[in-house]
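Residue numbers (numbering that gives the first Met the number 0), protein chains in the order written: chain A, 0 to 240; chain L, 0 to 113.
If you're looking for bench data, these hints aren't it; they were derived computationally from the structure.
As the structure is a computational prediction, the values presented were derived from the model and not from experiment.
Treat each hint with caution, since some may be false.
Stated by the list, open to error - Straight-line alpha carbon distances no greater than 30 Å define the calculated DSS-like cross-link-like pairs of lysine-lysine that follow:
1) A:Lys234 with A:Lys35
2) A:Lys35 with L:Lys77
3) A:Lys35 with A:Lys8
4) A:Lys236 with L:Lys23
5) A:Lys234 with A:Lys155
6) A:Lys236 with A:Lys111
7) L:Lys74 with A:Lys92
8) L:Lys32 with A:Lys35
9) A:Lys172 with L:Lys54
10) L:Lys77 with L:Lys16
Unchecked claim - Over 12 Å on every C-beta distance to chain L, these chain A residues come out as not near it, computed from the model:
11) His16
12) Ala118
13) Leu121
14) Tyr151
Yeah, the Cβ is synthetic: ideal placement off N, Cα and C, and Gly gets one too.
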Amino acid sequence: MLLDQSQIKYIDDYLKHHKIDYWDIRIELLDHIVSKVEALMDHGKTFESSLEEVHVGFGNSIQRYWNTGVETGVLADGRSFYPVIQQFKKNAKRNFFAIIFRSTLIELRTIKGVFTLIAIMLVFYLIFKLTHNSFLLSTVTILPLFIINKKYKDFKKEYQNTLNIEMYYSFYKNLYYYFLLLFIPIFVIGIVFDLNGNQMRILSLFIISFQTFINIVALEQFDNCLNKFKDLFSKYKIVYK
Amino acid sequence: MKNDSLYKGSLQTIILKLLGENEKMYGYEITQKVKELTKDELVITEGALYPALHKLEAEGLLESEHVNIGNRIRKYYKLTEKGTQETANRMAEMQQFLETIAQIFTPPLKPKFS
Chain A
0 MLLDQSQIKY IDDYLKHHKI DYWDIRIELL DHIVSKVEAL MDHGKTFESS LEEVHVGFGN
60 SIQRYWNTGV ETGVLADGRS FYPVIQQFKK NAKRNFFAII FRSTLIELRT IKGVFTLIAI
120 MLVFYLIFKL THNSFLLSTV TILPLFIINK KYKDFKKEYQ NTLNIEMYYS FYKNLYYYFL
180 LLFIPIFVIG IVFDLNGNQM RILSLFIISF QTFINIVALE QFDNCLNKFK DLFSKYKIVY
240 K
Chain L
0 MKNDSLYKGS LQTIILKLLG ENEKMYGYEI TQKVKELTKD ELVITEGALY PALHKLEAEG
60 LLESEHVNIG NRIRKYYKLT EKGTQETANR MAEMQQFLET IAQIFTPPLK PKFS
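Chain A with its partners taken away, still in its complex shape (with noise of 0.2 Å):
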C-alpha cells in the first residue's frame, strides 16, 4: 500500500515537529519512516497505529508527563530522534574532514598542486619583502574564513538549514581557529623573521604557506558541496512543493 502525499507530508510535519529541522536528513528518516508504515499497512494496519509503531520503534513513547497533565500520541514524545541527530552531525563532520585530508593528499600529488603552494610562498615572500609588515600576511591568511562564512550564510539564506553544510561550516571554523592558535605566536618577530625583522625564515614560510594551501583546498570542497547540495534542493522542492 502507498501512501498518498497528504500522509507522506503529515510524516514530514512530525519529524519537524520533533525538531528534525534538517532537511537533507529528513529526506532519508522520512523515507524510511514511509517505507516502515507502508509494510506495516500492507499487513492490515491503519496508518495512525502503523505510524504508532514506528515511532515506539524509534524508542520513542507514545505519551508525556507534563505538569498539566499527560500529552499522548505520536507528537507528544521525539527525544530518541535527538541521539541519532547528534550521530549525523558528528558523522558529518567526520566525512568532511576525510574529504578534506583526501583533496589534500590529491592535489599534493599532482604538478598543479605543487605549483600553487609554491606560488602561495612566493605571494607571502613577496608581500613581505615589499612591505615589511606581519600583520599584512596574517590579514592574508585570515581572508578565506571571510569568505567561506559569505558563502555559508547566502546558501543558508537560499536553500535553507542542511545538517551537513552546518557540520562542514563548523568544522573549517574549527580547523581554522586552530590553525590560528597554532600560528599566531610565529608572527612574533624573531620566529617567523629573524631578529632584524628582515629576513622570513623559510620553514615559518612554508608553514603559513602549507596552511593557507589546506585552507584553499577545503574552499574548494565546500563549494563542491553546496553545490551538489543546490542540486539536491532542486529535487527536494519537485517532489515536497
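Given the coordinates of chain A, assemble chain L onto it according to the supplied hints.
Coordinates of chain L only, in the frame set by chain A:
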C-alpha cells in the same frame, strides 16, 4: 536471549557484504534483507544502521545517490572501488575470526576406546 554486543562489531561488514551482492540499496531495504536472511534473528535498528552507513560513506567506502521515486526522495548507497576492495578484506577477516572462534567452541573429535 540474544546478546546484541556479539553482533555490534559485525554491522559494517554485514552492510558491505550486502552492498557487494546488490548494485545499490537503501537503508530500510538493508534492514529488511538482514531480517530475512537471519529469519528475524537479527533486527538492525535505525539508531545503529544510519550511523554505520554514514561512517562508511565518510571513509570513502560507500557513495550515495538521491533518486526521486515519485512521492518522495530515496537515498541509495553503493560500494565505491575502494569499498569493493575493502569488502574483500573484511570478509577475509570475518572468515578468519569465525574459524578462530570455532576452534574454541567446537570441541575436536576424539576417538573413544572402550
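Which numbered hints turn out to be false for this structure? 6
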